[in-house]
Structure formats: C-alpha cells, structure tokens
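Undergrad: Just so you know, the protein sequences line up as chains A and B, in that order.
In terms of UniProt numbering, the first sequence opens at residue 1 and continues consecutively.
In terms of UniProt numbering, the second sequence opens at residue 1 and continues consecutively.
Check the hints yourself; a few may be wrong.
As the list claims (entries may be wrong) - Beyond 10 Å from chain A on every Cβ pair, some chain B residues (computed): (1) R5; (2) S47; (3) A49; (4) A53; (5) V69; (6) D84; (7) L88; (8) V89; (9) V102; (10) A106; (11) G115; (12) I183; (13) T212.
What the hints assert, rightly or not - Covered stretches of chain B (in silico footprint by chain A; criterion: 3 or more residues with CB under 8 Å from a CB of chain A, positions within the stretch not fixed): (14) 148 to 155; (15) 164 to 173.
Simulated from the structure, these hints should not be mistaken for lab results.
If you're wondering where the values come from, they're calculated on a predicted model, not measured in any experiment.
Where is the CB? At the ideal position from N, CA and C, for every residue including glycine.
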Amino acid sequence: MADERQAAAAKIELDAVTKRFGDVTAVDAIRLAIPRGELCVLVGTSGCGKSTTLRMINRLIEHTAGQIRIDGQQIRDFDEQRLRRRIGYAIQSTGLFPHWTVARNIGLVPRLLRWPASRIAARVSELLALLGLDESEFAGKYPHQLSGGQAQRIGVARALAADPEVLLMDEPFGALDPITRESLQDELLRLQSRLHKTIVFVTHDMDEALKLADRIVVMDAGRIVQQGSAEALLQAPADAFVESLLGGRDRGLKHAALTRVAERMRPLSDAQRGDQALETLSVAADDSLRQALSLMLWHGVDSLLVNDVEGQMVGSLSLRDVVVARGANS
Amino acid sequence: MSLARRLSAPLAWALLLAALMLLMPLFEEVFRLVAPDTRAVIYQRDSFASLVANHLLLVGVASLCAIVVGMGAAILVTRQWGRDFLPLVSQLASIGQTFPPVAVLALAVPVLGFGSQPTIVALILYGLLPIVRNTLVGIQGIAPGVMESARGMGMSGRQILWQVELPLARPVILAGIRTSVTINIATAAIGSTIGARTLGDPIIAGIVNGNTAFILQGALLIALLALCVDSLFERLQLR
Numbered sequence: 001m002a003d004e005r006q007a008a009a010a011k012i013e014l015d016a017v018t019k020r021f022g023d024v025t026a027v028d029a030i031r032l033a034i035p036r037g038e039l040c041v042l043v044g045t046s047g048c049g050k051s052t053t054l055r056m057i058n059r060l061i062e063h064t065a066g067q068i069r070i071d072g073q074q075i076r077d078f079d080e081q082r083l084r085r086r087i088g089y090a091i092q093s094t095g096l097f098p099h100w101t102v103a104r105n106i107g108l109v110p111r112l113l114r115w116p117a118s119r120i121a122a123r124v125s126e127l128l129a130l131l132g133l134d135e136s137e138f139a140g141k142y143p144h145q146l147s148g149g150q151a152q153r154i155g156v157a158r159a160l161a162a163d164p165e166v167l168l169m170d171e172p173f174g175a176l177d178p179i180t181r182e183s184l185q186d187e188l189l190r191l192q193s194r195l196h197k198t199i200v201f202v203t204h205d206m207d208e209a210l211k212l213a214d215r216i217v218v219m220d221a222g223r224i225v226q227q228g229s230a231e232a233l234l235q236a237p238a239d240a241f242v243e244s245l246l247g248g249r250d251r252g253l254k255h256a257a258l259t260r261v262a263e264r265m266r267p268l269s270d271a272q273r274g275d276q277a278l279e280t281l282s283v284a285a286d287d288s289l290r291q292a293l294s295l296m297l298w299h300g301v302d303s304l305l306v307n308d309v310e311g312q313m314v315g316s317l318s319l320r321d322v323v324v325a326r327g328a329n330s
Numbered sequence: 001m002s003l004a005r006r007l008s009a010p011l012a013w014a015l016l017l018a019a020l021m022l023l024m025p026l027f028e029e030v031f032r033l034v035a036p037d038t039r040a041v042i043y044q045r046d047s048f049a050s051l052v053a054n055h056l057l058l059v060g061v062a063s064l065c066a067i068v069v070g071m072g073a074a075i076l077v078t079r080q081w082g083r084d085f086l087p088l089v090s091q092l093a094s095i096g097q098t099f100p101p102v103a104v105l106a107l108a109v110p111v112l113g114f115g116s117q118p119t120i121v122a123l124i125l126y127g128l129l130p131i132v133r134n135t136l137v138g139i140q141g142i143a144p145g146v147m148e149s150a151r152g153m154g155m156s157g158r159q160i161l162w163q164v165e166l167p168l169a170r171p172v173i174l175a176g177i178r179t180s181v182t183i184n185i186a187t188a189a190i191g192s193t194i195g196a197r198t199l200g201d202p203i204i205a206g207i208v209n210g211n212t213a214f215i216l217q218g219a220l221l222i223a224l225l226a227l228c229v230d231s232l233f234e235r236l237q238l239r
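Please take these sequences and the hints and turn them into a complete structure.
TA: Here's what the structure looks like:
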C-alpha cells in the first residue's frame, strides 16, 4: 500500500526552485518532477544552471527560494550530512581520495554510516564485481594507478556504495576519451536496467543525453526550455535553441542513432536464408539505424543482412526500411 | 624499510653529536691548533651535555608552541567561517619572519626579563611563518574535486579535516615544521646574549675572550644538532 503510493509520487520534486548568487539568478523558478527509477538528464550549455540545480539537490548549494522534496519530504528537513549519505554523488574529476586505496574509497559512505567492517568488505567486493573490476587486482590500488575510465568506474562504485535510491552525476564521463566514454555509458545503462535508481545526470553533450535519458531536461539561462523523452525532443524541439542543441540538420541522424535495427528489419523467409551469398554485408540487430545507414553509404549498397547476437542471420534491412517506418506505410 | 634502517641516518648524526658532546676534552690537542695562545682550550663553564639539553628544550618548547599556534591559525582561516581572516594571518606570519630575532629579544626583555622566556617568545615568532605558510599551501593545494566529493558524500567538517585535509597536506606541513625547527636550532644560540643557557654560551664566551676554540665548539654542536633533527624530519617525510 505505502509502496504503491510512493511509486506514484515523484521521487525528486523541484517546486519553483530559485538560486541567486548576489544579483545573478543562476536558476530561475524551475519546476521538475522526477519519478522513481527514472534517469533524468539535465542538458544545456555551460552556465545554464544545470550543475547548480544538481548540487542544490544534495545541498552542496542551498536554494534561495522554492522547495526541493525527496519522497515528499523537504530536503531542508534533513540534517545535510545525513541527506548526502543517502544520495550517491559522482563528479567529473572523480574526487577519489588519493591517499586511500580503491577499496577504502568505495567504502567511504558505508563507513560514515558505521556499517560493520565485514559488511563493508562484502559490499566493496560486490560493487567491484558489478563494475567488472577484478577485486584482487584493484582493491589495493591507489587512484593514481588507475586509468581515467577505471577511476570513473570506482567513482560510480563509491557513489553506489551505501545503496542510495538517488544518484547525482555531474558530467561524470566528460573528461574521458570517446571510446571509454561510450563503454561507460553502456555500463551505466546496464547498471540502471538492474538497479533502477533515480538518477539525475548533468551533461553538455546532447548525444550523451539522447543515449542515456528516460527524460531530457533542456536548460538555458537558468530556466527549463523543454523536457521530454529523446524521441519527443527530436520530433518537436520547442525552439531554435533546442533544435541547435539537437544538431540542427543532423537531427535525422541523431534520431536514427536512437532506433535499433531490430525495429525496422524484415524477417527473412526460409527461401531467402539460402540466398545469403547475394548479400555479404551485415549489421547486428542491436546496432542503430545510424550505423546501418553509415554502412550502406560507405559500401554503396541499399540493403544489408541482419544478424542476431549469436551471429545467426535473422533478417534484412533495406534503405527504404531505414527511411520509412513500416508502421507508417502499411 | 625497517625502523632501524629508516633511523640510521639520524642515529648516526646523534651518535656523532653525543660523542663530541661527552668526549670534547679528548680533542684538546686538535682545538689547540686553532687557538694556540689561550690557556683553556675546552669550554668548561658548563657541561656540553647540559647546554645541548637546554638548547633542545628551548627549541622544543618554542617549536611545539609554533606548531600548535601556526597550524591552528592556518586551519582556522581555511574553514568556511574563518576565511575572512586569511589575509590577516598570512601577513602576521610574514611579519614574524621579517622581524629580526635580536629585535624581538630586545623588545621582550623589558617585559619578560632575562633568560629563557624572551628567547622562547622570539623563537616562536620566528618559527611561525614556515608552519603557517606550509599548512595553508598544503590545505589549499588539495584538488577541489576531492573536497567537493568529501562534502558531497556527507563527511562532516571534522571528518574532512582529519581524514582528508591533514593527511593530504601532511608532507607539505612536515616540510614547514622541518624548516621552522632547523632554523630555530640555529637561531636559539642568540638567546645566550640575554642569559638563556644555550649552545650559544661557548660562542659568546669565545667572542668575548677572543677564543676561537670555544666558538668552534659551540658552532660544531649546533650544526650537529641541526643535522640530526633535520635528518629525523627527512625520514618522517619519507613515510
């Protein structure tokens, strides 16, 4: 009963929240309700107030006016340290303590919460395994011995250590090279599909937002310009600013990047299965339409074979399938 | 590194110091070479051991006070609520350093009289700057991301100070204390001009009586004492 009511209510609510630094209004009366388990990405140019908004949620910055509620309770009703221990926090520079080992860094919040040592050790092992890091190799290392991607993984593990329901991430992947960034994004999606945290994620990278977000909140000059799913934003950007963030004329490609090949392919008939020699190029069903299109452009073909994860041929994809959704013309 | 090996260098200097301090009369012939015309070649008004002990005591008390006051002040002005006093404290510490210790002695004598007390005051003032400055640099040099995440994880101010700031600033703070103590071992000798018993005694006596051997004996012991303490700090910093 109580669970149902909580599930219905927003996990994090911002109600006309304003932040002024002296005469400057950094965040201007924004309203935002983030449901439980949603990955909400705040996106905008630097200085738009997205980081300020994030940091107001764990009270690293105190809001000037309005109300911020978590589970319906105002954050000002909590002791600020207790509030922060309940909220995971990961930042771009990782902020790992250089004089502590990886294991000790991860165990920080559980230790603040006075968990018994054995429970902390078990939790550290669990998190290292969850993030695909070998415990015997990494637990005793110091942060300066880690690569950027590994350090950021540890940063995320530390944020998750006390199993918080809310996770705040401030451009966590912003300083990584594109390949590492992409693998960490995939990892975050994989984690989120298992953990269902309520995540507020700040980035200036619209591609990152489109890839990760259940809901994208576009901010400009301290206000929310538009919010909605990636699909909704691409279909109907609210104004020229959102459109330019979405890449203007590249929008079609960004949209294609969001759609899986599996959604558009035609299943192969048995007869066609025998004919496979005709077409040698193939994409995976999990690839995006954008990748399929790129392949077609590069090789100058207008159709591709589609393989599933095991490499079994499962369908075909023509240029027309890419351009026109089948639902639209059938 | 084992404790014994880690302490080998300071121990060597300490042994040398102890040997010279206790066995100075054995070197009478050597010192006679530098002061052939004097009757007494070895300073005898006081035992060298008691001078070394008293010298160390003065420096120890002064350095302890300088550490407590200096680190305390630097920590206070790096707290959120103490930030307004940061420029003031930096300036005061600099002034303490530019003020010549002899002038401090001259000013302190009318208030505190002759002897150890004015010497200690002068040494405290003189030793403050390196400690204050290095504590400030050490704490302010911590990566902003580390401080941000420490706060964001829900650590209290005290936890951040003891578990993050001081351990990370430790090498820099230790370097400051090392400079301060080493300088003060040398500076303490001037306490002898106002009646404190230090290793400056043989030096002053040597200057007054034109006895180079006395001067040399005082200077040698001060140098060995400084080297001994300095190498001890070097080992501490290495940890």
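Undergrad: For this structure, which hints from the list above don't hold up?
TA: Violated hints: none; all satisfied.
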